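On the provided structure of chain R, position chains U, Z and W as indicated by the hints.
Listed here are the chains, written in short residue letters.
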Amino acid sequence: MSDKKRLDLEYSTHDSDKMRINVGPQHPSTHGVLRLEVEVDGEIVSEVIPHMGYLHRSFEKVCESMTYPQIIPYIDRIDYISAMNNEWPYVMALEKMMDIKVPEKVEYIRVIAAELNRIANHQIAVATFGMDAGAFTPFLYFFRDREYILWIFEKLSGARLLYNYFRVGGVSGDIYPTFKDECLDVIKKVRKTNAEVMDLLIYNRIFIQRTAKIGILPADVALSYACSGPVFRGSGVKYDLRKDETYSIYDRFDFDIPVGKGEVGVKGDCWDRNIVRMHEMEQSCKIIEQALAQMPMEGDVTAAFPKKIRPPKGEIYMRAEGPKGDLGFYIVSNGSDKPERVKARGTSFVNLSVIPEISKGYMFADLILILGSIDIVLGEVDR
Amino acid sequence: MLSDFGIILLYFILGAVFVGIALVAAAIVRPSHPNKVKNSTYECGEIPIGDTWVRFNARFYVIALIFLLFDVEVVFLLPWAIVFKGLGWFAFIEMVVFVVILMAGLAYVWGKGDLEWERPKPQIPRLEDLIIGKKKQ
Amino acid sequence: MLPNEIYNNLKTEFGDAIIEYNDAQPTDPFILISTGMLFDICHTLRDNEEFLFDYLMSLSGMDLGENVGVVYHLYSMKYKHKLVLKVVAPKTDPKVPSVEMIWRSADWHEREAYDLMGVIFEGHHNMIRILCPYDWEGFPLRKDYKVPEIYRGMKVS
Amino acid sequence: MGLLNRLDDPYEGGGILMGTVEDLLNWGRSKSDYYLHFGLACCAIEFMAMNASHFDFMRFGTIPRTSPRQADFIMITGTVTFKMADRIKILYEQMAEPKYVISVGSCSNCGGPYFEHGYHVLKGVDRIIPVDVYIPGCPPRPEAFHEGMIQLQKKINEQSIFNKRKKLKAELKKNNLISK
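Protein chains in written order, with the working numbering: chain R, 1 to 383; chain U, 384 to 520; chain Z, 521 to 677; chain W, 678 to 857.
With the rest of the complex left out, here is chain R:
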């Protein structure tokens, strides 16, 4: 039944002193085109119904008529803020099916690219979260630093945002000569800005009062909703695929998993999810430094390219730790060069399903902050 009929049906049944506000598709703080139908009693939110699909770009139908390498640009466009981390599980799945062994140097390039992309993604997440709370300066600081990372990616893969850089069996281009010290330089800048934003925004009295003790997500509810990434770790669970299901060469680096501890408010509130992202940026810097140190300089990155990409008949589910959580790909292949089915398990799609549960009873302005702390990207929600 149409949107209007469905609402009229509901509208006639609900008691009338509650107001139904529409935080619609065009809204500055829904991080894209998401519609939240909020039932408000005075100023207290009593119920939230998210409506999605405004950016449903039929990814899975497109994949059924594209060959395997042609799908990689579409996979960049799922979570368009961290494109490198999207491509990794897809490429790893195909390499596992066709059991291709990727040269050492490629593994290191992939780790560095993914961790740089994780920093860029967390910078946007914390920047927009600060803007939801009204702080505009961290947005400008973080975007200035993100530009440095984008320049590295531009020299590496030729694009600023959607890279199409990972290939089955390697990466499309080798690193340019000054890659190493440019990365180290970016890490120095990122650390300096993070320290600045730590006391400018994160430990700022007003920001703490605004974001602590709201949007509390208990660990067992998060587990039942299969949340992952900073949203899950914010509730105090030490679950990170890089450590629990170590893929690629993550076992060679030592880094720890930041977890929400309820420092200023309750464990699992918006502030915790945000501080987990800030600490994760620091951990990514540590990984990049170690990876740059251990990286073998010689070796051809396109050595392990298969002649033709025809994985054997079968299916596989592979997932990797993206900045928003574990993004998984379920690929069913029928032996031809086109997949029969590719299902992308979007992390934002799963993390967003928590919103109706954790935003009951808060003020309306806090709902915007709770949505910002979940850090969703609508391309991944709607695919």
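Misleading hints may appear alongside valid ones.
[Unchecked claim] Quick list of in silico lysine-lysine cross-link-like pairs, DSS-like style, CA-CA up to 27 angstroms:
no., chain 1, residue 1, chain 2, residue 2
1, Z, K675, W, K800
2, Z, K615, U, K518
3, W, K766, U, K421
4, R, K238, Z, K602
5, U, K517, R, K267
6, U, K517, Z, K615
7, Z, K606, R, K313
8, R, K192, R, K261
9, Z, K675, U, K421
10, Z, K598, R, K238
11, U, K518, Z, K600
12, Z, K611, R, K61
13, R, K308, Z, K663
14, R, K189, R, K155
15, Z, K531, U, K518
16, U, K518, Z, K606
[Said to hold, decoys possible] Here are a few chain U residues that sit away from chain W, every Cβ distance over 12 angstroms (derived from the structure):
no., residue
17, I396
18, C427
19, V455
[Claimed, not checked] Distance ranges between label pairs, derived from CB positions:
no., chain 1, residue 1, chain 2, residue 2, range
20, W, Q828, U, L393, 51 to 57 angstroms
21, Z, K615, R, E245, 30 to 36 angstroms
22, U, K518, R, A195, 47 to 53 angstroms
23, R, D41, W, S730, 38 to 44 angstroms
24, U, F467, R, D41, 45 to 51 angstroms
25, U, E477, W, A773, 50 to 56 angstroms
26, Z, D655, R, K155, 44 to 50 angstroms
27, U, P431, Z, N542, 52 to 58 angstroms
28, W, E774, U, L393, 36 to 42 angstroms
Read the hints as simulated data drawn from the structure, not as lab findings. Treat the numbers as computed from the prediction; the structure is a model and nothing was measured. A virtual CB, placed ideally from N, CA and C, is assigned to each residue, including glycine.
Okay, now just chains U, Z and W, sitting in the frame of chain R:
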């Protein structure tokens, strides 16, 4: 010559004329293509459903009343404040009595709890009421 | 705990509801079960001490020619082992019992499977479309899906 | 006093500006038009990067406005799906005249990578609203946004108020007596 009130009338007319010219000129010059969708209320891009005549919460009405009360009090204070130096002690004491009476009214309203604004009562989700319980072995 | 051990345990407990176990090499090993006992099987998988599959990674609808399949990817936080369950239902009445009361993450995945593939999950509290507009006809991800010519006055292809 | 006796000296003009009322109006409108703050997909991230301090979209005098009532032009940054198409049409209708549309990215120009198999993607936003400037790219670089903005300003500068003058200008342009 014009009396004092004449000058005030002149000011009033001049004000009205200036504002009038600005509004009328704008109304004449600006393009106007009204249509049904443009005149409908802006609802973040959605089609507005239901009417906007919603029964508001009663506490907004109470706050409006209390505001009106103290606004009128200030209106009385203003002319007194200008001339109270010439009127001597008697006017001062009278005004103090007036303010004290109103303060008593404020104390009553405060005591009765009408100024209490609503506090958020967060309902933290509990897993028990979301999924069915453990299976008996 | 390896998938074939899980298969044997389930086979002893549920008998013929567990249809077959398939571990041809390149694919992840999966267990095919019948739709009748799906709810109880999933309930034991979640609560039984040896399995403790408390994390439903993903639930995806499949179009298998004349019938429709649903694939569950399960993961256990405690034992760190994974399992793939498959259920098949004919396209004439694609009914599968809903597991949203066991893992809350199934709620939206089932709505998406209904929206794109047309699998109706009985017992789901809010079985409406999630991605396509509410008045979109047909189930787009089916192989025999014909894209409509006009949608609300806009040419589609 | 001879204010005009230095008229022939191009740099010594005495600070007098001559022009028609249209020039004044168009100068005001093109140098400070506000856009509707709303992003759809990947182009919205480049849109944010361009709004930030490095590319600084505010150098064109643009300010993001959240409601269509106060917006002069709307930037469609991203893929327009059918569910979103009606909303964009409503937003466009609710904007005050004179309004312009910049279609950013190949998704909203013509459907982009989803042209062939995207059943839910509208093949080009110009099927539902009139578009003034198209910016190619997927996503376009921030400099391309600036180029699009300059094209829009050029278009606004050539607008004229009365139809008679519009016809005259179009005719002069046809047999290229004045610059395009």
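Okay, the hints, checked on the actual structure:
no., hint, verdict
1, Z:K675 x W:K800, "holds, 8 angstroms"
2, Z:K615 x U:K518, "holds, 24 angstroms"
3, W:K766 x U:K421, "holds, 10 angstroms"
4, R:K238 x Z:K602, "holds, 18 angstroms"
5, U:K517 x R:K267, "holds, 25 angstroms"
6, U:K517 x Z:K615, "holds, 25 angstroms"
7, Z:K606 x R:K313, "holds, 17 angstroms"
8, R:K192 x R:K261, "holds, 24 angstroms"
9, Z:K675 x U:K421, "holds, 24 angstroms"
10, Z:K598 x R:K238, "holds, 12 angstroms"
11, U:K518 x Z:K600, "holds, 21 angstroms"
12, Z:K611 x R:K61, "holds, 19 angstroms"
13, R:K308 x Z:K663, "holds, 26 angstroms"
14, R:K189 x R:K155, "holds, 19 angstroms"
15, Z:K531 x U:K518, "holds, 18 angstroms"
16, U:K518 x Z:K606, "holds, 22 angstroms"
17, I396, "holds, 30 angstroms"
18, C427, "violated, 8 angstroms"
19, V455, "holds, 35 angstroms"
20, W:Q828 x U:L393: 51 to 57 angstroms, "holds, 52 angstroms"
21, Z:K615 x R:E245: 30 to 36 angstroms, "holds, 34 angstroms"
22, U:K518 x R:A195: 47 to 53 angstroms, "holds, 50 angstroms"
23, R:D41 x W:S730: 38 to 44 angstroms, "holds, 41 angstroms"
24, U:F467 x R:D41: 45 to 51 angstroms, "holds, 47 angstroms"
25, U:E477 x W:A773: 50 to 56 angstroms, "holds, 55 angstroms"
26, Z:D655 x R:K155: 44 to 50 angstroms, "holds, 48 angstroms"
27, U:P431 x Z:N542: 52 to 58 angstroms, "holds, 54 angstroms"
28, W:E774 x U:L393: 36 to 42 angstroms, "holds, 38 angstroms"
Hint check: a violation occurs at hint 18 only; the rest are consistent with the structure.
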